[in-house]
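Residue numbers (numbering that gives the first Met the number 0), protein chains in the order written: chain A, 0 to 521; chain B, 0 to 521.
To be clear, the hints were calculated from the coordinates, so they are not data collected in a lab.
Keep in mind that a hint or two might mislead.
It does not matter which identical chain is meant; a pair holds if it fits inside one copy or across any two.
[What the hints assert, rightly or not] Keeping only pairs whose Cα atoms sit at most 20 Å apart, straight-line, the calculated SDA-like set for lysine to any residue is:
#1 Lys54 x Gly427
#2 Lys58 x Asn243
#3 Lys505 x Leu438
#4 Lys54 x Val292
#5 Lys54 x Ala422
#6 Lys58 x Val428
#7 Lys85 x Leu497
#8 Lys54 x Val100
#9 Lys38 x Phe237
#10 Lys85 x Asp419
#11 Lys54 x Asn66
#12 Lys58 x Val418
#13 Lys58 x Asp419
#14 Lys54 x Asp419
#15 Lys54 x His199
There are 2 protein chains.
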Amino acid sequence: MRRARNRDRRKNRSLAGAISDDAIGPTGTPGGSYQPLTKSGTERIYAAALDVLAKVGIKNATLTVRNLALDRGCSLDAEGRLLFPKSLVEDTIAGAARDFVLHGQSAAHDIEVRDGHVHFATGGAAVKILDSHLGSYRPSTLADLYDLARLCDTLPNIQWFARPVVATDIDDWRELDLNTVYAIAKGTTKHLGSSIGLDHHVGEIVELLDLLVGREGAFHKRPFLSVHATTIVSPLSFAEDSSNVAMAAARSNMPILSQTGPQAGATAPAALAGTLVQSVAESIGALVAINLVKPGHPVIASGWPFVSDLRTGAFSGGGGEQALLSAGQAQMMRFLRLPTGVPASMADSKVPDNQAGYEKALSVVLAAMSGPDFVYESVGMLASLLGCSMEAMVIDDEMIASIRRTMRGIEVTDEKLSVDEIAETARGVGHFLGNRQTLELMESEYVYPNLADRSSPDDWVESGSQDLWQRASERVGEVLKTHFPSHISDNCDDKVRLRFPIRLPKERTRPPSLNRLHAGGN
Amino acid sequence: MRRARNRDRRKNRSLAGAISDDAIGPTGTPGGSYQPLTKSGTERIYAAALDVLAKVGIKNATLTVRNLALDRGCSLDAEGRLLFPKSLVEDTIAGAARDFVLHGQSAAHDIEVRDGHVHFATGGAAVKILDSHLGSYRPSTLADLYDLARLCDTLPNIQWFARPVVATDIDDWRELDLNTVYAIAKGTTKHLGSSIGLDHHVGEIVELLDLLVGREGAFHKRPFLSVHATTIVSPLSFAEDSSNVAMAAARSNMPILSQTGPQAGATAPAALAGTLVQSVAESIGALVAINLVKPGHPVIASGWPFVSDLRTGAFSGGGGEQALLSAGQAQMMRFLRLPTGVPASMADSKVPDNQAGYEKALSVVLAAMSGPDFVYESVGMLASLLGCSMEAMVIDDEMIASIRRTMRGIEVTDEKLSVDEIAETARGVGHFLGNRQTLELMESEYVYPNLADRSSPDDWVESGSQDLWQRASERVGEVLKTHFPSHISDNCDDKVRLRFPIRLPKERTRPPSLNRLHAGGN
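Could you build the full structure based on these sequences and the hints that come with them?
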């Protein structure tokens with residue numbers, strides 16, 4: 000397995016160019032050096048969230064959840080809202096799954112969920128994709144989804160591929176779910192994520208994934224897809240379909256990314272602290288419901304507190320408020336020692352321009368530094384989550400390499416304090432270029448970007464005056480032309496196609512050269 | 000004075016659009032919630048820096064400094080290096096100026112230097128300026144410097160204007176110094192900064208500034224320009240000219256931005272911790288030298304630890320390593336309670352693109368959060384400090400508004416926990432749009448960008464599909480056409496022009512309409 004991982008690393012490195020894994024640090028970078036809330040702040044927010052769960056509660060619980068909850072000491076108020084006593088909440092938190100593995104199809108991509116180790120994931124449900132050549136948007140399709148998965152498969156800093164766009168070319172819910180899962184499982188061997196429309200699709204999806212692996216029960220043993228389930232809609236109301244999906248997933252051993260999306264000023268208070276109170280209450284409420292059905296089931300208890308631009312009421316993901324909310328939510332869930340993920344990198348800009356760059360960096364670095372297990376939406380999203388861009392995806396991945404370097408921090412050891420080197424050099428040659436320590440640390444202390452340009456103005460003009468978007472566009476073109484993951488055998492693929500209405504043409508999933516060969520052979 | 004400040008704020012707001020000062024917080028935002036070093040890390044770096052000062056010392060001390068130092072317990076080693084005993088260093092740190100005011104020409108722009116209150120400044124000595132229309136660089140001129148000062152005068156988030164470009168159209172050192180100071184003092188009423196070539200220019204510059212104000216001794220009373228002096232060049236060597244300039248400045252009551260620029264892997268160790276050791280040693284060494292000449296003189300004891308891209312040896316300001324070094328240096332100087340500033344926002348990108356955006360945001364937010372008194376180079380710099388861009392300047396200013404919002408943090412008060420609002424809304428209308436708290440907090444909890452676009456993809460296409468660079472370019476055009484600060488009377492201006500070889504044409508400093516009027520009147 001170690002060998003497989005190394006081989007995989009080498010492959011990623013060659014695609015990503017000169018970025019050194021050594022300098023970035025191992026997958027799952029420690030976070031937590033930025034804390035937006037004081038200790039007393041976290042305690043007050045948690046106490047207020049407990050208060051909300053006990054006195055306001057959550058409405059529209061499904062019959063299953065309600066009955067289990069009443070057995071465990073919950074009560075219903077006059078309006079039928081389910082009220083959660085503090086003791087049940089605390090018991091649930093104490094007994095929740097903490098250390099578990101989220102599998103990849105390839106074992107090299109297994110993710111160990113451990114307190115304070117930050118991983119980066121995609122996410123989103125954009126309905127548009129940026130056409131970089133035209134500089135405009137068009138509806139996203141199933142083929143886009145497959146291409147995005149292939150692209151993400153090459154990105155060294157992303158550990159979880161959740162479907163970033165909706166295949167808007169499929170209307171039927173069942174076919175949408177099946178084809179979404181097929182396209183992403185075919186495009187990348189990383190851990191997968193997708194929402195699922197209805198609970199009875201869960202079984203079919205597991206069947207599809209087993210067929211892809213070629214072994215019945217394979218998914219149950221190494222579940223490599225998490226369902227994204229919004230079991231609670233804000234403010235404080237269970238959603239029936241999603242609740243049922245989550246319960247079906249729990250029964251199928253499918254990990255759950257339990258997400259809630261309270262939007263400050265719209266479906267949550269305008270005060271950021273108030274949005275965190277509601278967000279924590281909702282995250283915990285959803286966790287309790289799932290644990291009632293299946294205690295200790297692997298759940299990423301995510302709150303995704305969002306921001307409204309109060310001039311228009313529209314969602315806005317690019318401001319400092321979003322960075323604070325995501326970091327604050329991460330700190331709260333870390334305080335409770337619950338596996339969690341928060342959203343970041345949700346630029347409001349429509350293109351990968353200067354605005355996108357600073358909006359993304361600001362929220363990603365603060366969210367990541369605050370120590371969630373996952374940063375979602377971390378690459379590719381634009382237009383306040385309405386749009387996705389392949390160019391943004393590769394750009395953001397490289398940005399995350401820099402951010403992971405900052406998360407590794409400054410190592411203070413006797414060696415690295417370098418007092419002897421300073422003495423020797425100051426009294427000697429007067430520069431550190433090429434000395435022993437410099438050569439030794441060249442790969443481990445520094446990250447070298449590949450797409451980001453560090454040349455002089457003159458050299459830059461000479462090589463064509465490209466901006467980052469243009470360079471990223473070339474990179475995307477190369478990857479899509481050449482990278483066709485082949486972890487699924489033709490035999491398994493055929494069986495899936497026989498059993499399910501797969502829309503992605505087979506020849507679309509093979510290198511063009513291979514298709515010419517096939518055509519020639521026929 | 001309060002009134003003047005408010006008037007000035009209003010003016011800035013109208014130029015900057017809808018950005019609310021309330022949400023950003025007052026000038027001088029508290030920092031310190033991000034700490035890249037552990038407590039033991041700071042102690043070890045400080046101990047190592049003391050060790051370096053005591054055992055390696057600094058070479059090439061000027062005669063003045065050397066004699067004063069030997070009187071205070073320093074010694075010379077066999078190579079003539081000046082060695083600093085721990086006791087002198089600690090006495091200097093204990094007696095260093097801490098709380099002081101850096102004046103603006105307008106009192107509204109006075110900066111109170113206070114532990115942990117972060118201000119943003121320009122900086123740099125670029126020799127090229129980006130021509131946005133051609134997308135290429137040309138040598139920077141005196142007229143550019145004046146325009147940059149005017150532009151900065153309108154930027155609400157910048158409190159100190161240090162000359163970002165060199166007037167490369169002036170060869171003579173004396174004329175360069177005089178014209179640089181004239182151009183920036185004419186362009187903005189904010190606190191000013193510039194390097195000065197030779198010590199005997201200092202007196203003339205003070206004379207020029209007194210003439211501009213129209214009162215002898217005015218500068219001495221309210222020194223509104225700090226000299227940027229690199230009294231130590233790395234590794235650990237005094238620079239004669241700059242040392243003499245600093246001493247002349249101290250005698251003229253001119254505050255000193257004492258900066259050192261050790262470059263990791265080139266003029267400092269490749270290990271980041273080692274670069275911090277040397278940087279702290281050099282920052283303190285420079286501080287000791289100035290305090291020997293004038294104890295308690297206002298000094299911003301800045302270390303600007305830089306990064307080399309070790310593939311080429313060239314300076315690189317855009318990576319995660321730079322963000323860590325700047326934040327680490329800030330934390331070290333804050334640990335010593337010394338007024339300090341660090342560089343950030345030094346993008347390697349040549350244009351205001353996605354790369355520039357993320358490189359800048361990453362270093363500015365981490366540097367600012369770590370709590371220096373000043374973040375230098377914070378707006379406008381590109382091309383690894385070789386280039387400056389007016390468009391980048393206004394873009395970066397708005398980015399800093401978002402960053403200042405994050406620095407304000409999440410206020411946790413009973414009111415803001417919003418438990419009553421959550422209860423009322425969850426049981427009632429189901430949304431928070433337009434409720435009392437939302438309307439109340441709309442201005443104080445949220446920052447609304449003006450240049451950054453938050454519209455939908457369709458609206459964005461309809462309004463011309465502009466990226467941020469294009470919108471910034473329009474803003475720059477408007478400001479330069481209309482904003483001609485008139486704080487210097489014609490009478491004073493004439494006296495300066497009579498006394499000194501001022502190169503900036505008088506008509507260049509007036510609105511075109513006024514020039515037509517003058518021309519008509521003649």
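Outcome of the hint check:
1. Lys54 x Gly427: between (72 Å within a copy, 15 Å between copies)
2. Lys58 x Asn243: So Lys58 and Asn243 pass the 20 Å test inside one copy only (15 Å; across, 74 Å).
3. Lys505 x Leu438: neither (49 Å within a copy, 55 Å between copies)
4. Lys54 x Val292: neither (23 Å within a copy, 68 Å between copies)
5. Lys54 x Ala422: Close across copies (8 Å), not inside one copy (66 Å); limit 20 Å.
6. Lys58 x Val428: between (73 Å within a copy, 14 Å between copies)
7. Lys85 x Leu497: Neither way: Lys85 and Leu497 sit 51 Å apart in one copy and 80 Å across, limit 20 Å.
8. Lys54 x Val100: The answer is neither: 36 Å in one copy and 52 Å across copies each exceed 20 Å.
9. Lys38 x Phe237: The answer is neither: 30 Å in one copy and 45 Å across copies each exceed 20 Å.
10. Lys85 x Asp419: Between copies, since 18 Å is at most 20 Å while 58 Å is not.
11. Lys54 x Asn66: within (19 Å within a copy, 75 Å between copies)
12. Lys58 x Val418: between (64 Å within a copy, 17 Å between copies)
13. Lys58 x Asp419: between (66 Å within a copy, 17 Å between copies)
14. Lys54 x Asp419: Between copies only: 11 Å across chains, 64 Å inside a chain, cut-off 20 Å.
15. Lys54 x His199: So Lys54 and His199 fail the 20 Å test inside a copy (34 Å) and across (75 Å) alike.
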